[in-house]
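Enquirer: Please take these sequences and the hints and turn them into a complete structure.
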Amino acid sequence: MSRPRHTFFGPAFARQFSRGWLAAGFAFLYLPIVALVIYSFNDSPLPSVWAGFTLKWYAALARDREMLSGLWLSLQIAFFTACGSVVLGTLAAFALVKYTRFPGRTLFGGMISAPLVMPEVIVGLSLLLFLVSVQRALGFPERGMLTIWLGHLLLGMAYATVVVQARLRDLNPQLEEAAMDLGARPHQVFALVTLPMIAQSLVSAWLLTFTISLDDVVLSAFLSGPGATTMPLVIFSRARLGMNPSVNAMATVVIAVVAIGVLAASWLIARAERQRALALAQAARGG
Amino acid sequence: MSATLPTTAPRTLPGSSRNALRAPSWWRGRSAVIGIPYLWLLLFFLAPFLIVMKISVSEMETVRFKDVLTYVDGALQLTLKLGNYLYILNDELYFATYLASMKYAAVTTLLCLAIGYPFAYFMARAPKALQPALLMAVMLPFWTSFLLRVYAWKGLLGENGWVANLLEGAGVDHLLLAFGLIAAEGKFMNTPFSLVLGMTYTYLPFMILPLYANLSKMDLRLLEAAQDLGATPAVAFWKVTVPLSKAGIIAGSMLVFIPCIGEFVIPELLGGPQTLMIGRVLWDEFFSNNDWPMASSVAVVMILLIIVPLALFNRYQAQAQERR
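Respectively, the protein sequence lines represent chains A and B.
Each residue of the first sequence is one higher than the last, beginning at 1 in our numbering.
Each residue of the second sequence is one higher than the last, beginning at 1001 in our numbering.
These are calculated hints, taken from the structure and not from any lab test.
One or more of the hints may lead you astray.
[To be verified] Dumping the calculated DSBU-like pairs for lysine-lysine here, alpha-carbon to alpha-carbon at most 35 Å:
| hint | chain 1 | residue 1 | chain 2 | residue 2 |
| --- | --- | --- | --- | --- |
| 1 | B | K1187 | B | K1128 |
| 2 | B | K1128 | A | K98 |
| 3 | A | K98 | B | K1103 |
| 4 | B | K1128 | B | K1239 |
| 5 | B | K1246 | B | K1217 |
| 6 | B | K1054 | B | K1103 |
| 7 | B | K1187 | B | K1054 |
| 8 | B | K1246 | A | K98 |
| 9 | A | K56 | B | K1217 |
| 10 | B | K1054 | B | K1128 |
| 11 | B | K1054 | B | K1246 |
| 12 | B | K1217 | B | K1187 |
[To be verified] Here are a few chain A residues that face chain B, going by a calculated C-beta distance under 8 Å:
| hint | residue |
| --- | --- |
| 13 | V262 |
| 14 | A264 |
| 15 | A265 |
Note that CB positions come from ideal geometry on N, CA and C, so glycine has one too.
Expert: Quick look at the structure:
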């Protein structure tokens, strides 16, 4: 194979430069995360002054009723958001991938991807005004957990659609057609052929929408009612005033859980992928 | 109601012979698959926008925040509509805020592109075995809380913060002060600088990911061909790589630019009195002034600002899907 020639300067310099750029970029991306973890173990409430190692902020966090009840509410909302988003997102992804033509498809595609980029203040305001109108007309829904869930679902559905859609488009349609030729009913094709093949994208869509819901400030602020204060709202109201040790401790807990969850999930997915590749290779050899 | 959407029988559709084959049994499934998410979006995404438009042109002279929703149809509507929007257009503060939001969003997009393009390029040219790990490393911060990562910059840029000390030690604050990006030497927080830094930090992965997806699929033989035909590496990069990655550049730029215009959390946490942004103005109109019609008008004008980039984004999104 010929030496690659698509570099600016000498290959050695180019390699060093590209490594340096990547390293600096990753340092930029990870610096705040590392900083929060270190702050949370700092004895001084001032983040920049190191006054020794302590766990007292974690003890304070364990007694922080406002933060913990916010966390519980957020976890519930995130769970239902993730479940609903995966269902709606899968349906939408199917509609977009399997049916290339239907009336209003352009509008449909636009409405699906708009929440990805639409400023959240607009989505939050419009959804709130809509729900208030509905409430005046019908007497429900009361602002609270349900309305926050509806807002998160709108955002989560868009993300879930993107994730599932990418996987669906990569699928080989011949497998589904073969199953149909062999007499499988449509719902059997879906449950026995399509679903196992897109399962891991459903898992990543679930995890992604869970974290998005767990993190959302703007939609929650617009859609929450009295007594429905989610964890990001608690964090946000404290963060406005400055650095807060209990927020640092909470941040470290969140970061640890997310990191472990994502790494475990990707490890499991990678293992499943390897096993599948192995099984396919064996099947191909066995004939 | 769902019957109004997919009424055309699938067997009559051109270019979908597969659907034609399974048309009878798929018929019910098809209308549910399309109809459920479609209706859901019409109800919770499109209808709310129409309501916002309605409220933005509704009366506001009597009881401001109580009777907003019972507006009267008729000639009154037009005059009030003009009044509400004219106020935004004539008020210097609103106008300046819209301009400033566009400016900050544009600067953030350029910075993300300047940092993100080389980053994505080097990622795509890294050893194949390493690439999944690099991709994972870009996405991991994206999975951890965005709110907390923005909040962390308060500590890093605040009094004696690590980054603040580093920048001060390097003398960068003099430079920033000369450009009017910070208020005083060594004071980085609550300035245009901290705002743009926070937005660049937050949206950088949104720039890197589409660019990487695009650049990693590029056929490197095209570059070799260019060089065989006498192009220097720089020329080949400019004439081959950049045009081929146009879709990625546009997708990434829109993913950064559009949400930045209406960003609220970052200006609130890292911005200052100097850095008015339209997301904050909308928030204050709604939560502090309780002026729902005004907040709605601000939102409608914001939608008008982003509608062109949004259409561009949707078009490229659709094209990218078609090409697959």
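Enquirer: With reference to the structure, classify each hint as holding or not holding.
Expert: Evaluation of the provided hints:
| no. | hint | result |
| --- | --- | --- |
| 1 | B:K1187 <-> B:K1128 | 43 Å, violated |
| 2 | B:K1128 <-> A:K98 | 32 Å, holds |
| 3 | A:K98 <-> B:K1103 | 41 Å, violated |
| 4 | B:K1128 <-> B:K1239 | 25 Å, holds |
| 5 | B:K1246 <-> B:K1217 | 13 Å, holds |
| 6 | B:K1054 <-> B:K1103 | 29 Å, holds |
| 7 | B:K1187 <-> B:K1054 | 44 Å, violated |
| 8 | B:K1246 <-> A:K98 | 27 Å, holds |
| 9 | A:K56 <-> B:K1217 | 50 Å, violated |
| 10 | B:K1054 <-> B:K1128 | 54 Å, violated |
| 11 | B:K1054 <-> B:K1246 | 38 Å, violated |
| 12 | B:K1217 <-> B:K1187 | 44 Å, violated |
| 13 | V262 | 5 Å, holds |
| 14 | A264 | 12 Å, violated |
| 15 | A265 | 10 Å, violated |
When the structure is compared with the earlier hints, violations turn up for hints 1, 3, 7, 9, 10, 11, 12, 14 and 15 and for no others.
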